[in-house]
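S.K.: Sequence:
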Amino acid sequence: MEELVLFSRGRVLLPGQRLKLRVHDVELSAALRGVDEFCAVFSQSGGELSRVGVRADIRSRSIAPYDRLDIDVVGGDRLEIPPSARPHD
Numbered sequence: 007m008e009e010l011v012l013f014s015r016g017r018v019l020l021p022g023q024r025l026k027l028r029v030h031d032v033e034l035s036a037a038l039r040g041v042d043e044f045c046a047v048f049s050q051s052g053g054e055l056s057r058v059g060v061r062a063d064i065r066s067r068s069i070a071p072y073d074r075l076d077i078d079v080v081g082g083d084r085l086e087i088p089p090s091a092r093p094h095d
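Take any residue in the sequence shown, count from 1 to its spot, add 6: that is its number in the working numbering.
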């Protein structure tokens with residue numbers, strides 16, 4: 007898998023789906039400011055990551071209060087997530 011920022015989510019992002027997201031994690035917000043895409047990975051119960059993610063193309067972004075980031079994304083291709091991957095990789 008190419009280098010993509012992993013964004014662990016409680017809901018699945020589907021290919022072709024458009025979402026507006028607020029990124030609350032300051033470290034993740036900083037990582038997403040410098041990229042045009044990331045991998046949205048479903049976070050299962052117990053903190054386990056799904057082995058399948060979706061490439062998310064960032065269409066727009068804006069700074070939100072307290073160093074948060076608002077992004078508008080569209081889901082793209084499905085991606086296999088290696089077992090060693092962790093969020094923010």
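Some clues are possibly wrong.
[Unchecked claim] Here are the in silico distance ranges between beta carbons for each label pair: (1) 71 to 21: 27 to 35 angstroms; (2) 52 to 22: 25 to 33 angstroms; (3) 41 to 84: 15 to 23 angstroms; (4) 16 to 36: 30 to 38 angstroms.
[Claimed, not checked] Below are the EDC-like pairs computed for lysine to aspartate or glutamate, each with C-alpha atoms no more than 16 angstroms apart in a straight line: (5) 26 to 76; (6) 26 to 43; (7) 26 to 54.
For the record, the hints were derived by calculation from the structure and aren't laboratory data.
Glycine residues also receive a C-beta, built at the ideal position from the N, C-alpha and C atoms.
S.K.: If a hint holds in the structure, say so; if it does not, say that too.
M.R.: Results of checking the hints against the structure:
no.	hint	verdict
1	71 to 21: 27 to 35 angstroms	holds, 31 angstroms
2	52 to 22: 25 to 33 angstroms	holds, 29 angstroms
3	41 to 84: 15 to 23 angstroms	holds, 19 angstroms
4	16 to 36: 30 to 38 angstroms	violated, 21 angstroms
5	26 to 76	holds, 7 angstroms
6	26 to 43	holds, 14 angstroms
7	26 to 54	violated, 24 angstroms
Of the numbered hints stated above, those contradicted by the structure are hints 4 and 7, listed in ascending order.
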